[in-house]
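Trainee: Protein chains in written order, with our numbering: chain A, 1 to 198; chain B, 1001 to 1190.
Keep in mind the hints are simulated off the structure, nothing from the lab.
These stretches of chain A come out as covered by chain B in the derived footprint (C-beta under 8 Å, 3 or more residues):
1) 46-60
2) 88-98
3) 164-170
Quick list of in silico lysine-lysine cross-link-like pairs, PhoX-like style, CA-CA up to 25 Å:
4) Lys185(A) to Lys147(A)
5) Lys174(A) to Lys1101(B)
6) Lys1119(B) to Lys123(A)
7) Lys112(A) to Lys1082(B)
8) Lys111(A) to Lys1119(B)
9) Lys1070(B) to Lys105(A)
10) Lys1119(B) to Lys112(A)
11) Lys101(A) to Lys1119(B)
12) Lys122(A) to Lys1010(B)
13) Lys101(A) to Lys1101(B)
14) Lys1116(B) to Lys101(A)
15) Lys105(A) to Lys1119(B)
16) Lys1082(B) to Lys111(A)
17) Lys1083(B) to Lys101(A)
18) Lys1082(B) to Lys173(A)
19) Lys1116(B) to Lys112(A)
20) Lys123(A) to Lys1010(B)
21) Lys1087(B) to Lys105(A)
22) Lys197(A) to Lys1070(B)
23) Lys173(A) to Lys1103(B)
24) Lys1116(B) to Lys123(A)
25) Lys1116(B) to Lys105(A)
26) Lys173(A) to Lys1076(B)
27) Lys1087(B) to Lys1077(B)
28) Lys1077(B) to Lys173(A)
29) Lys32(A) to Lys1101(B)
30) Lys1070(B) to Lys198(A)
Model, not experiment: these values are computed from the prediction.
By construction, the Cβ of each residue, glycine as well, lies at the ideal position given by its N, Cα and C atoms.
Spelled out, the chains give:
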Amino acid sequence: MINKEELENLMKIKGEVKGVVFQTDGKYVLEKEGEQGFKKLEKRVKELGFPIDYKTGSALDLHPIGLRIISLFLIKDTFNWSDEEIRNMGYIAPSTSFMVKLLMKFFVSFKKFMNEVPRYWKKHYTIGELETVKLDDETKDAILHLKGVKIHPLFCLYLEGYYERMYQFIVGKKGECRETKCIFKGDPYHEYVLRLKK
Amino acid sequence: MSLGSKNSEKKTQTEEEIRGLESYIRDFWKFLPLPVCYISPANTILDIDEIFSDFSNYQPNEIIGEDLGKLFAESKKTEEFKKEILKKEMVLNRELVFLTKDKKEIPVSISAMQRKDEKRNFIGYFFSLTDISESKKFQERLEKEIEKKTEDLKEKIDQLEKMNKIMTGRELKMVELKDEIKRLKEGLEK
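Isolated chain A (complex conformation) (with noise of 0.2 Å):
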């Protein structure tokens, strides 16, 4: 169950995110559960008092970080989902991202969109760094390190999610994507590696 105080300390995390995330999370819960569980959805985020507009706000209007993960609680205790269920929404959200049509020119190949991925975190988001530390352009393998950005392990969940499609995208063929080292369990950075599916 939520606890109304820790989503309202997750509020005084510093950095903002672009609204588009907002969006992608709305069109999955639309999907999910249909228009009555958007509403619902809509209705226990206006009775809690926290500013997360699905529909009708901008994919480039700022807003405190902590709404992002705020927006993934409500959505997975609304509807009792899984945590395996955010990592969908994560892999999901590219192919209805704002964002990505508007950034469609970093896709134009695998080694161009790992050497862009730190511009592209950095059109999502104020806090943190994203960078490819490893790119093998043969194998199509990669890794990803992100620094400075301590949130939530469900938003390294999300991510991982996130990421797996986005190389799917780029290399046009299935992979994988596994958080291998997480701020969370001691280590400097989160790590994400990218691969193809054997």
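Given chain A, put chain B in place with the hints provided.
Mentor: Relative to chain A, chain B alone:
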């Protein structure tokens, strides 16, 4: 007005313009009355409009991220098209057979237009299609009708030729008989 407040005003104006553009893009994409999608240079489907979704029976998350080739029955023709759009800024009215999610085949006419970034690098292309199944059916019906009419005409011509042969034969026979009558008359007179 101070520099700080000028910059702030400019920033607000820019943000408003960006919001306006976002709204325009969203509304335009929603309005498009044709099945349209956006394809990456690697031929991965990156975006589709609602009409495309209805036409193909694919939900966006089922087809976005897939190769364009998944949508067509003729792989060779599809590969030719992919090569063509790499070279030309615009490709218009190529005929292919579209495969819906439930594997229904629909003849379509496809068109595409390249997109380039500020440095004129190819960054993907818009792709649209039109269902030509009705015009194809009409064309087939028309062709069948023409074929039938041609057959009928050929038959009639054959019949006329036969009649002509008979008539010509009779004519010749008549001339022959007239000549014989003349010869016989001349013989009798002698």
